[in-house]
Amino acid sequence: MPDFITAWLDQNDVFTTMTMLEYWNGLVQTVQLVFLSLIIGLLVAVPLAILRTNRRWWVSGPVWVYTYLFRGTPLLIQLYIIYYGLAQIPGIQETFWWSIFREPFYPALLAFTLNTAAYTTEIFRGAIAATPQGEIEAAKAYGMSWFLRLRRIVLPSAARRAVQAYSNEVIFMLHASAIASVVTIVDLTGAARNIYSRFYAPFEAFIGVALIYMALTFLLVFAFRKLENHLLRHQRPAGG
Amino acid sequence: MKKMIVAAGCALAMMAGSVQAQDGRDIRIAFDVPYEPFEYRDDDGNLTGFEVELAEAMCEELKANCEFVTQAWDGMIPGLLARKFDAIMSSMSITEERAERVLFSEPYYNTPGGWFAPEGFDTDVTDMKAMEGKTVGVQRGTTMDTYVTENMGGVVTIKRYTTADDMVLDLEGQRLDVVFVDYPVGEQTVLSKDGFKEVGKPVKLGQGVGVAMRKRDKDLAEEINAALETLKNDGTYDAIMEKYFSYDIKM
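Keeping their order, the protein sequence lines are chains R and G.
Counting in full-length UniProt numbering, the first sequence tops out at residue 240, every number present.
Counting in full-length UniProt numbering, the second sequence tops out at residue 251, every number present.
None of these hints come from the bench; they were simulated from the model.
In this text, all values refer to a predicted model and were calculated from it rather than measured experimentally.
A hint or two may mislead.
Claimed, not checked - Calculated cross-link-like contacts (lysine to any residue; reagent style SDA-like; alpha-carbon spacing at most 25 Å): (1) K193/G with Y119/R; (2) K218/G with P34/G; (3) K134/G with G91/R; (4) K197/G with A87/R.
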């Protein structure tokens, strides 16, 4: 950081250079955690949503159980169970898994991914189930195979219906990631809590972090509006 | 309505006046129970503990009529300022923020921070070279947190916890190599489990715990300071301390 910025910041009572660096490191942690869990969650959710719409109960049943479990319990509890529960498994400290799960990042990533994948699965299941029957019949009339129908008709059509609900899920996930700080991850909220306890200034510390979350949300909303415009461009009135 | 309040106020003032002391002053002292072993109720429901016994000895020294009241922690300073009681002897650490609102006596005890680790841990916690790369757990915002951050930041990885219970779980789960925690807390939560021990020496931190009074009661503070000084020198303090602690908290 250039010296004049450092000098300027250090005049402040709370928002010093050290505070800003702490916020920055927290921002990096939050973005990594949320971005990775959303990407992996989405990759898992699409196949699961397809299985979930399957007519055979022994295919859709297990997926239903999974989404029910993870949507039926608070994320905080899931994080506690995974973070503290894994450490209680006898002998896990001697296996190579421990090098992964010793750090709080991976248990948190696992909990967040499983949670967001459950919600995303249900969002996509609804969108797939709502595919107009005529589109599928038309595709069948063209002689498309099951896989081709899925790729060309069902999934693109479902994506258009799912995108608005999914953008909400993304924003919820960003805000839910605040609980990562309870398992010692210094994400944005963790940084705010450290700053609060260093300066006894809860108001400044949490207002500061709230503004950063708002800026992130604004970016997400903007990106999703672009995506919606792209996916739903056929619905715009002509010349509009 | 206003008249009634004034009348009730006068009546109360007269009642309070009628139970005035025979000799010596009246002091009402507040404790937040339970906070073992500083203040708690014994099996018969009587208030006891290190600070309670010290307060009794202090009152005897002052020849004052003391009344002990219990007050939840959140309402401590507001209750003092609202004259519900005259002094707080409930393990209130002296901090600059609090000193702006209340008057503290000289400190009368300070619990050290203690290092606790699993049996196998044999690193010297004061040797920065040996400690390099170790993971240390502290409770966020405590004097122990400040100490580790200032003296070992950059050398060790510091993990901050809100509750001691979460920290101890991670020590058991081997996510932490060692924890640095308020000694009585560590004694209760870590040493009570098998396979853990104290490492290194306890470190005295912070400005200690003092009796808190209203800012205007300067003469009371002087008397209390004098009484505490006497107790510390004539062996009364040590006798009470040895009853409750196996380590030194005198200040």
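Going down the list of hints, with the structure as the test:
no. : hint               : in the structure
1   : K193/G with Y119/R : 41 Å, violated
2   : K218/G with P34/G  : 29 Å, violated
3   : K134/G with G91/R  : 21 Å, holds
4   : K197/G with A87/R  : 20 Å, holds
When each numbered hint is compared with the structure, violations occur for hints 1 and 2.
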